[in-house]
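Position in the sequence shown (from 1) plus 6 gives the number in the working numbering.
It cannot be assumed that every hint is accurate.
[As the list claims (entries may be wrong)] Computed list of lysine-lysine pairs in BS3-like fashion (alpha-carbon distance at most 30 Å, straight line):
(1) 246 x 224
(2) 169 x 224
(3) 247 x 224
(4) 101 x 339
(5) 246 x 190
Hints were generated in silico from the structure; no laboratory data involved. Quick caveat: nothing in here was measured; it's all calculated off a predicted structure.
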Amino acid sequence: MKIRIAVFIALSSIATTALAASNRISNGLIIHSSGEVAIERQNGLIVRPTSGTPIYPGDKLRTAQNAQLTIQCADWGIKSIAPGENQLNSCLLAKEESKSDCSTDLIKCPDRGDGKIAWNSAPIPYIISPGRTKLLDSKPILRWNPVAGATSYKLSLRENGAKLNWEMTVSGTEAVYPGEPVLKPGVRYRLIVEANTGVSSESAVGGGDTEFGLLDEKQVQAVKDAVGAIDKQVPNENAKKLATSSVYLNTNLIAEAREILENLQETGMETPPIYRTLGDLYLEKLQLVPQAEVYYSKVINTAKPDDIEELTAARYGLGQVHSAMRNNLEAMKYLRMAKDGYTTLGDLPMAEKVEKQLRDLQRREDRK
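Please model the entire structure based on the sequences and the hints provided.
The structure is reproduced here in structure tokens:
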């Protein structure tokens, strides 16, 4: 059975956050596909899925005779769609996170939606990782922004606000915490980086919490059990990593999930949905604008013209990025394209939201 894929020519596509704003909550994602596959959305839109493409209640999942799909539901369950199938998405409805859920699990709740951006392009060694995250590994990778002219960086940690008896000096912009003193669950940590040029990560030019902490033993075991189940059910290594990153994201292991997703590029798994997920992580969770811009731009450069959903998502994200950087005209350019995309997709609530943002940006520009 050959699947006919409808081609939609448009200027844009849909973001996961945008779908949430329209009361559409993803209840799973594609972790592997082979052959000719398609998703028919409830509104009739035909999507060619790739690794990382979200699925929603009411979607129809189609596979040709030579094709197969592997999906991971929001409850972390793995399902396979055999060749020649036309199945309704059978994943359970996803739980919509509330503000209280967010505040109990995250370090000051990175995605609380307060609009604060950690940094734009400040010439300081601002923290890239770990910050605004929980950790599974007690020897995390430490990463920060390079500073022009700096030849060394002194690293230190704060533990519940007090200085921890540990320092390290390195020449690059990445190091691994050695594990001593031992990091403990239930404690708030903060990485401090000082360049030998005199600037510090504490010189941040905007709001943005950079604390991190470890999962407790019970949470660690739950994550290990989930990842163990994935290992048994998913033979494809890249699909296994993508599914593991989803578990990490849902347990607020943001830094380690992002590391998996970024490393997938080295294995050849470079798809617009994965790039868009990374853009969303940097913008919404970590609130690091320059990194978000990199990944949203990769979506634009790799998505096919008929991938309306991902293109619109990326253009909307770039609109938020340039708005945060006060590049009003550039922000409006991307938001206009995003509005066209949401209109094409029939997502009128998002189209109206973008229109309001455009009016606000125009007023900001007029005040210059």
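- Message: Check whether the Cα positions of residue 247 and residue 224 lie no farther apart than 30 Å.
- Response: Answer holds: residue 247 to residue 224 is near 22 Å, not above 30 Å.
- Item | Distance restraint between residue 246 and residue 190, which requires alpha-carbon spacing of 30 Å or less | Holds, at roughly 29 Å.
- Query: Has the given pair, residue 101 with residue 339, been kept, meaning a C-alpha gap of at most 30 Å?
  - Reply: Outside the cut-off at roughly 34 Å; violated.
- Item | Distance restraint between residue 169 and residue 224, which requires alpha-carbon spacing of 30 Å or less | The given pair, whose Cα atoms are some 28 Å apart, holds under the 30 Å limit.
- Query: Going straight from one Cα to the other, do residue 246 and residue 224 come out at no more than 30 Å?
  - Reply: Given pair residue 246, residue 224 holds - Cα atoms ~23 Å apart, limit 30 Å.
Violated hints amount to a single one, hint 4; each of the other numbered hints is respected by the structure.
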